[in-house]
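Undergrad: If you want the building blocks of each chain, they are given just below.
Number of protein chains: 2
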Amino acid sequence: MSAPVVLTALTQAERDDFLPSSVQANLDSLSLRQVPLLLPLADPASWPKQIVDSKAEALLCAWGCPPLPSDLPVGGPGQLRYVAYLAGSVRKLVPRQLIEKGLQVTNWGSSVSRTISECGLLLILSAMRRSGHWNVAMHRDGAWKDGMKTVTQSLFCRSIGLHGFGAIAQELIPLLRPFGVSISAFSPSVPDAVFQKYGVTRSTSLENLFSNHDIIVELAPYTEKNHHIVTEKLLRSIRPGGAFINIGRGAVVDEAALARVAKDRIDDLQIGLDVYETEPLPKDSPLRGLSNIALLPHIAGPTKDRRQDTASFAIENLQSFLQGKTLQSLITLDVYDRST
Amino acid sequence: MSAPVVLTALTQAERDDFLPSSVQANLDSLSLRQVPLLLPLADPASWPKQIVDSKAEALLCAWGCPPLPSDLPVGGPGQLRYVAYLAGSVRKLVPRQLIEKGLQVTNWGSSVSRTISECGLLLILSAMRRSGHWNVAMHRDGAWKDGMKTVTQSLFCRSIGLHGFGAIAQELIPLLRPFGVSISAFSPSVPDAVFQKYGVTRSTSLENLFSNHDIIVELAPYTEKNHHIVTEKLLRSIRPGGAFINIGRGAVVDEAALARVAKDRIDDLQIGLDVYETEPLPKDSPLRGLSNIALLPHIAGPTKDRRQDTASFAIENLQSFLQGKTLQSLITLDVYDRST
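Chains as they are written, first to last, in our numbering: chain A, 10 to 349; chain B, 10 to 349.
Simulated from the structure, these hints should not be mistaken for lab results.
Some hints could be false.
Any copy, or any two copies together, can satisfy a pair, since identical chains are not distinguished.
In silico DSS-like pairs for lysine-lysine, Cα to Cα no more than 25 Å straight-line [to be verified]: (1) Lys64 with Lys292; (2) Lys101 with Lys154; (3) Lys206 with Lys234; (4) Lys272 with Lys313; (5) Lys110 with Lys334; (6) Lys110 with Lys242; (7) Lys58 with Lys154; (8) Lys272 with Lys206; (9) Lys58 with Lys101; (10) Lys58 with Lys110; (11) Lys154 with Lys313; (12) Lys242 with Lys272; (13) Lys64 with Lys242.
So that you can see chain A by itself, here it is in the shape it has in the complex:
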């Protein structure tokens, strides 16, 4: 019996980032026959036929991959059974019908969490030192500090409030620990055992979380219920000298209110943002130009140099697929329907 086929459908840039030689070697070690397909296709119309003709049972692909047609034959002998997607949202790639028919799909799962948490730490440290302001003022306005009047703050000994306590929050905790911080989280769905494991205090309400900690880190998933759950009132309740960091989802926050609060509290609230309600962030967004906001263009994760982590994660899943084991970060219909 010949080895199952995996179709690796990637652009050259994706191959370079996701499959450096050491990671490619791990892929090569699997009992799979690789059929490489370089994207973009010279003839886009040939796409579904290429999958069928290759008799691929698995597909390894990323952002550059064309969508799968909803009538693609899946699940039978020599037909596609598994899509290892190297990025996040699979909705543009995989129609719901294919998952209903039993196609297994995984995404980058928690393999990107640590780089996102790293970006969270960057924004926290930036907020404490006001480095967003200093970079703009020093590069464009010839600025320098004003002796003892210049306010600088440290992360050491601070209290941190996490809104959300999933994989990214859990990866953030070891990065914060060396600073001697106390950490609380608000996440009703996470059991006590997880709080105990990480030494994190459960916050009993969002009101408590926002008003009783120095630094609030927004990490709640975007759901209908969470739309604008971070209200103007919550934002205004953050302590003087406090900070609000968003590395989760933009629309969890009432962004117009955030801009108003930022403007009103220009000297006593620091803000760090990587995500926004509308992306790309509109050129005329009121968030641009405010000296108490550090802005990043949704680059938390994964960084270019760590895209290989998502491929390593996919290779583990391909191994499990070959052995008939359960896959990690499987996109169930429930997960599919909740994703954005």
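Using the hints provided, position chain B relative to the given structure of chain A.
TA: This is chain B only, laid out in the frame that chain A set:
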């Protein structure tokens, strides 16, 4: 026998920052009679007489304190024997003659090291994400990322080369460890045991340090020998995609060369600076305006909220002074002559 007098000569702003109530309570617990003197003095000419009249044996002071005259009587009964300086360089405050006559002087010592190392981590993370660039471009130029073309890097799994291995470098190490980095240092004067204690590899030359690590952190002390020891050749030898961070002393680096190298390597070298050859940084410095440099105005340490750490350190020293024990971070004549 009445308790020895400590003269606390501070401005109101210094009192607020250095002596919050919890720290003042620790000072109050010592067997010392405190004579508070609010600066600036209404009559500056009364300064040395105020010290003499108070019969202070110890002086607790910071940046706002006028210089001690070189003919101040020290060391005798009811005369000044110890200056606990809450800041760094004592050269403007204390003439060398007084130390020759036996006056004990301490400064903030290593109590500020952790906030400086925190700033180092901020600049490292900024360099990896190019956040200096993004803050300027997003706030002033309406920028957004350009998909997969946007280069982002992570600190995870990087190699770090420290130039200097004193207190700040040692405090930086626990902040870096969660990122799974490998760390080397070049510091011929530091014994092997210290390298072993911190799990750091000794780099045998500056050439090796600069050319064989991803991120170079400049922490060497400023001495005549170290003036411009970081040459254009060393800076050009840093790996493509690498970073150079300076949280030590500006004049250790040939700054004109740094500006040239930064300009030439605008896309493949990231730089983070808190210190400069001339401070305030001149408005027309060629470092300003380069997108691969994150700039801060010498605010690494101590942050305003952690100035209390330096007072806690001074209070420990006052306790030792009362008990006739050796003081920490004593400014010997040798240290005095080497300081800037």
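Undergrad: Indicate, hint by hint, whether the structure satisfies it.
TA: Hint check:
1. Lys64 with Lys292: This pair counts as neither: shortest intra-copy Cα distance 47 Å, inter-copy 65 Å.
2. Lys101 with Lys154: between (48 Å within a copy, 21 Å between copies)
3. Lys206 with Lys234: Classified as neither: same-chain Cα gap 28 Å, cross-chain 51 Å, threshold 25 Å.
4. Lys272 with Lys313: So Lys272 and Lys313 pass the 25 Å test across copies only (23 Å; inside, 34 Å).
5. Lys110 with Lys334: Cα proximity of Lys110 and Lys334: one copy only (19 Å, versus 79 Å across).
6. Lys110 with Lys242: neither (46 Å within a copy, 62 Å between copies)
7. Lys58 with Lys154: neither (64 Å within a copy, 34 Å between copies)
8. Lys272 with Lys206: Neither: 39 Å inside a copy, 48 Å across copies.
9. Lys58 with Lys101: Result: close within a single copy only, 19 Å intra versus 80 Å inter.
10. Lys58 with Lys110: Within one copy only: 19 Å inside, 92 Å across.
11. Lys154 with Lys313: between (34 Å within a copy, 13 Å between copies)
12. Lys242 with Lys272: Classified as within; 15 Å inside a copy, 46 Å across copies.
13. Lys64 with Lys242: neither (57 Å within a copy, 56 Å between copies)
Consistency with the previously given hints fails for numbers 1, 3, 6, 7, 8 and 13, ordered from lowest to highest.
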